[in-house]
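2 protein chains.
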Amino acid sequence: MKLATLKQGGRDGTLVVVSRDLTRCRAVPAIARTLQAALDNWSDCETQLHQVYEALNSGAVDSQPFDESACHSPLPRAYQWADGSAYLNHVELVRKARNSEVPESFYTDPLMYQGGSDSFIGPRDKVVADESWGIDFEAEVTVVTGDVPMGATPEQAAKAIRLVMLVNDVSLRGLIPNELAKGFGFFQSKPASAFSPVAVTPDELGDAWRDAKVHLPLVVHLNDRLFGKPNAGVDATFNFGQLVAHVAKTRELEAGSIIGSGTVSNKAGDLWGSSIEHGGVGYCCLAEVRTWETIEQGKPATPFMRDGDTVRIEMFDADGRSIFGRIENTVAALAG
Amino acid sequence: MKLATLKQGGRDGTLVVVSRDLTRCRAVPAIARTLQAALDNWSDCETQLHQVYEALNSGAVDSQPFDESACHSPLPRAYQWADGSAYLNHVELVRKARNSEVPESFYTDPLMYQGGSDSFIGPRDKVVADESWGIDFEAEVTVVTGDVPMGATPEQAAKAIRLVMLVNDVSLRGLIPNELAKGFGFFQSKPASAFSPVAVTPDELGDAWRDAKVHLPLVVHLNDRLFGKPNAGVDATFNFGQLVAHVAKTRELEAGSIIGSGTVSNKAGDLWGSSIEHGGVGYCCLAEVRTWETIEQGKPATPFMRDGDTVRIEMFDADGRSIFGRIENTVAALAG
Numbered sequence: 001m002k003l004a005t006l007k008q009g010g011r012d013g014t015l016v017v018v019s020r021d022l023t024r025c026r027a028v029p030a031i032a033r034t035l036q037a038a039l040d041n042w043s044d045c046e047t048q049l050h051q052v053y054e055a056l057n058s059g060a061v062d063s064q065p066f067d068e069s070a071c072h073s074p075l076p077r078a079y080q081w082a083d084g085s086a087y088l089n090h091v092e093l094v095r096k097a098r099n100s101e102v103p104e105s106f107y108t109d110p111l112m113y114q115g116g117s118d119s120f121i122g123p124r125d126k127v128v129a130d131e132s133w134g135i136d137f138e139a140e141v142t143v144v145t146g147d148v149p150m151g152a153t154p155e156q157a158a159k160a161i162r163l164v165m166l167v168n169d170v171s172l173r174g175l176i177p178n179e180l181a182k183g184f185g186f187f188q189s190k191p192a193s194a195f196s197p198v199a200v201t202p203d204e205l206g207d208a209w210r211d212a213k214v215h216l217p218l219v220v221h222l223n224d225r226l227f228g229k230p231n232a233g234v235d236a237t238f239n240f241g242q243l244v245a246h247v248a249k250t251r252e253l254e255a256g257s258i259i260g261s262g263t264v265s266n267k268a269g270d271l272w273g274s275s276i277e278h279g280g281v282g283y284c285c286l287a288e289v290r291t292w293e294t295i296e297q298g299k300p301a302t303p304f305m306r307d308g309d310t311v312r313i314e315m316f317d318a319d320g321r322s323i324f325g326r327i328e329n330t331v332a333a334l335a336g
Numbered sequence: 001m002k003l004a005t006l007k008q009g010g011r012d013g014t015l016v017v018v019s020r021d022l023t024r025c026r027a028v029p030a031i032a033r034t035l036q037a038a039l040d041n042w043s044d045c046e047t048q049l050h051q052v053y054e055a056l057n058s059g060a061v062d063s064q065p066f067d068e069s070a071c072h073s074p075l076p077r078a079y080q081w082a083d084g085s086a087y088l089n090h091v092e093l094v095r096k097a098r099n100s101e102v103p104e105s106f107y108t109d110p111l112m113y114q115g116g117s118d119s120f121i122g123p124r125d126k127v128v129a130d131e132s133w134g135i136d137f138e139a140e141v142t143v144v145t146g147d148v149p150m151g152a153t154p155e156q157a158a159k160a161i162r163l164v165m166l167v168n169d170v171s172l173r174g175l176i177p178n179e180l181a182k183g184f185g186f187f188q189s190k191p192a193s194a195f196s197p198v199a200v201t202p203d204e205l206g207d208a209w210r211d212a213k214v215h216l217p218l219v220v221h222l223n224d225r226l227f228g229k230p231n232a233g234v235d236a237t238f239n240f241g242q243l244v245a246h247v248a249k250t251r252e253l254e255a256g257s258i259i260g261s262g263t264v265s266n267k268a269g270d271l272w273g274s275s276i277e278h279g280g281v282g283y284c285c286l287a288e289v290r291t292w293e294t295i296e297q298g299k300p301a302t303p304f305m306r307d308g309d310t311v312r313i314e315m316f317d318a319d320g321r322s323i324f325g326r327i328e329n330t331v332a333a334l335a336g
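Just so you know, the sequences run in chain order W and U. UniProt numbering applies: residue 1 is where the first sequence begins, and numbers increase by one. UniProt numbering applies: residue 1 is where the second sequence begins, and numbers increase by one.
Keep in mind that the hints were calculated from the coordinates and are not lab data. Predicted model only: the values in this text are computed from it and were never measured. Some hints could be false.
No copy labels: a pair is met if it fits in one copy or bridges any two.
DSS-like cross-link-like pairs, simulated, lysine-lysine; straight-line CA separation at most 30 Å [as the list claims (entries may be wrong)]:
1) Lys7 x Lys299
2) Lys182 x Lys96
3) Lys159 x Lys126
4) Lys126 x Lys249
5) Lys7 x Lys249
6) Lys96 x Lys267
7) Lys267 x Lys299
8) Lys7 x Lys96
9) Lys182 x Lys159
10) Lys7 x Lys126
11) Lys126 x Lys96
12) Lys7 x Lys182
13) Lys182 x Lys249
Excised from the complex, chain W in its bound form (with noise of 0.2 Å):
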C-alpha cells in the first residue's frame, strides 16, 4: 500500500492511504491520524490501512485527488534518520580524487551517520542555504523500521522493515572537509532532507523487492536534464537487513527510525560511474560528477547548486508509472 502526509493538521501532518496510481487519496483518523501513529501501533493499523487502499484502488470509497505538492515528508519529523553508504563506489570515488584508499573493513562494516530528524522539508520545499556552502543533493532509498530489538540479526531487521521512501539527503560540501577534520562526523553539513510525498510497503514494489534491495534505476533530473539513473539494487554492498542490523547492534530501534542506503551509485567498468553524455548510469549527486572531473581533468568542473537549481528524484515501475510520487527541490539562496 501507499501512504502519504499532507501538510495540514498539525507538526505532524495528516496521514492519507494514496491509491497506487496516486491520484486519489483519503484520510483516515479513526485507523490513525499521522504515520507515526500508524507506525507505533502497525500491528493493529496494517490491515485496516490495506482494506482502504484496496477500496481506493477499485474506486469502492469517498476519496479526494491527490496532490503531490501538498505533501510533507511522509515523517514530517521522526524519532530517528540514520544514514547508511552501501554504494561503496561512491566512497571509492570521492577517496580517488584525493588519493586515499578505502579501508577493507568498508566492505564488511557499514560507514553510517546519525541525521538530524526534528525537522524534514517537504519533497517540493525549498533547499534554503548558503551557496557558499557548496550546495549538493544526494539520491537515495531509505526504509522505516518497525520496532527492532538490540542485536537483531540482518534477517531480523528485514522483517521490521514497513515502508520505503526515497529521499534527497541535502549536503552541504563546502562544510564537509572542516567538520569531519574534527572528528566527530557530519553535523552542519546535513541539513533537513526532503523525503519522497508516497511511502510504500516492500510489497508494492513486487519483484523489484528482493534481498532487502530495492532493483530498480533511481531517476534524477538536474533543472530538466537527465542527471542520473544508476539501479539500487546494482553495487549495493549491504543490504537494508544488514543496514539496520548495524543500527541495532548496541540498541534498540523504535518504530518509525528511518535508515538509508547513502547515494546509489554504480560502477561501470572501471570509470566509477559515468555521466549520462558519455553513455553511463550518471549520478546521484553532484560530488561525484566533480570527484571524476578532478581525476580525469585535474579539477571540477560542474558547479554546485545555485539559487534557482532545481533537483527532481523519482523512480519508475516497469510500466512508467512513478512509485513514490517526484521529490523536487529548488535552491532559495540565503543573501550572501
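Chain W is fixed; fit chain U onto it per the hints.
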C-alpha cells in the same frame, strides 16, 4: 516548574507536574498528555502548567506521591538529541594522553555530534551492554528547546530554552577508536542515554542559571563512592545559547530538541582535573580518570563499568535538595 514523565500511557508516557520538593505530582491530561505535546504548544500550555505547579507546591490541588523510579526519561523518545563538548578540559585531557594538540578552532567552533534519540532508557533503568565494549558513563547537563529558526544568534537561541535536565550519556569506549577512525563520528559507541527523572524550567534554578549555564556542582557517585562534583558553570567554553545556535546554523530546530553540554569537567591547576582522593573535584566519566592515570602512570588502572556497577548522577540546590531527582543506572552485562 518541574515536569516528569511516568512510564504509563504509551510510548511517550504520561506527563506529570512535580512539586518543587519532588514528593508529589499530578497528571494534567486536560493541558497536555505528554511532554512533547506540551512543548509542541508551549505558549498555550506554559501558564496552565505553572498554575498546577503552584497549586501542587501549596497543597491546593489533589496529587499523588511522586516516585522517581516510576519515571521514564522526561522525553522517552525525542526528535533530536545533539551533544556538544563545551568542557574543553575533557578534550584536552583525552588528547594529552595520546600526545595530540587540541586544534585552536575547538575554542571558538563547538564540537558536536548527533545522537540517537528514538529510544532512551529511563533514569533508573539498566544499561544493557557487553563488558568488552568498555562501558562508561558521562554526566552532563542538557537543555530542551522550543522552535529555533535557522541562523538564530546565541542570544535568540538562549531564549528558546524551555527546560533543563541531566543526562547519563552512556559511551562504549571500546568501540570508539574504530568508529571515529571511519571518519563519520560516533554511532554504535553511543547507545541509549538516560535522562534525569525531572526536567525543570531555567527559572527554577534561580541565580544558578546565568549566562545560559548551570552554576552548580554535578554530583556523580560510582557504587556509592563519590566520584566527581565538578561545577557545571566552571570551565564551560560554550554556553547553551552558543551550542543551540551552532545546531541552528544550517537548519531549524523543532520544539523538543535536546542539546547537551558534553561531559562536565573542571580544570584544576595544571592537572586537567584531579580525583576526589587527591582533593580534587573528581570526574564525570571513567575515561578521564583513566586518561589521567595513563599520563601519570603510563597506563589506566580504573576499569570500565562491569556487571552490577551503578552510577548515580544528581545536582543539589544551595540547601542540599535534589533539583532533578537522581539518575541511577546499573550495568546488566550481556552474556559474553
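Quick rundown of the hints versus the structure:
With identical chains, the CA atoms of lysine 7 and lysine 299 are never at most 30 Å apart, being 42 Å at best within one copy and 57 Å at best between copies. With identical chains, the CA atoms of lysine 182 and lysine 96 are at most 30 Å apart both within one copy (22 Å) and between copies (16 Å). With identical chains, the CA atoms of lysine 159 and lysine 126 are at most 30 Å apart between copies only, with a shortest distance of 27 Å across copies and 35 Å within one. In this assembly of identical chains, the alpha carbons of lysine 126 and lysine 249 lie at most 30 Å apart only when taken from different copies (17 Å versus 36 Å within one copy).
When the C-alpha separation of lysine 7 and lysine 249 is checked against a cutoff of 30 Å, the pair qualifies only between copies, where the shortest distance is 25 Å, while the shortest distance within a copy is 35 Å. When the C-alpha separation of lysine 96 and lysine 267 is checked against a cutoff of 30 Å, the pair qualifies only within one copy, where the shortest distance is 13 Å, while the shortest distance between copies is 43 Å. Taking CA atoms no more than 30 Å apart as the test, lysine 267 paired with lysine 299 passes inside one copy only; the shortest distance there is 21 Å, against 46 Å between copies. In this assembly of identical chains, lysine 7 and lysine 96 lie within 30 Å of each other by CA distance neither inside one copy nor across copies; the values are 43 Å within and 51 Å between.
For the homomeric pair lysine 182 and lysine 159, the shortest alpha-carbon distance between copies (28 Å) is at most 30 Å, but the shortest distance inside one copy (37 Å) is not. Proximity of lysine 7 and lysine 126 under a CA criterion of 30 Å is satisfied intra-copy only: 15 Å inside one chain copy versus 40 Å between copies. Taking identical chains as interchangeable, the C-alpha atoms of lysine 126 and lysine 96 are never at most 30 Å apart, the minima being 32 Å within one chain and 45 Å between chains. Taking the shortest alpha-carbon separations for lysine 7 and lysine 182, neither the intra-copy value of 37 Å nor the inter-copy value of 38 Å comes in at or below 30 Å.
When the C-alpha separation of lysine 182 and lysine 249 is checked against a cutoff of 30 Å, the pair qualifies both within a copy, at 25 Å, and between copies, at 17 Å.
Hints 1, 8, 11 and 12 from the list above are not met by this structure, while the remaining hints are.
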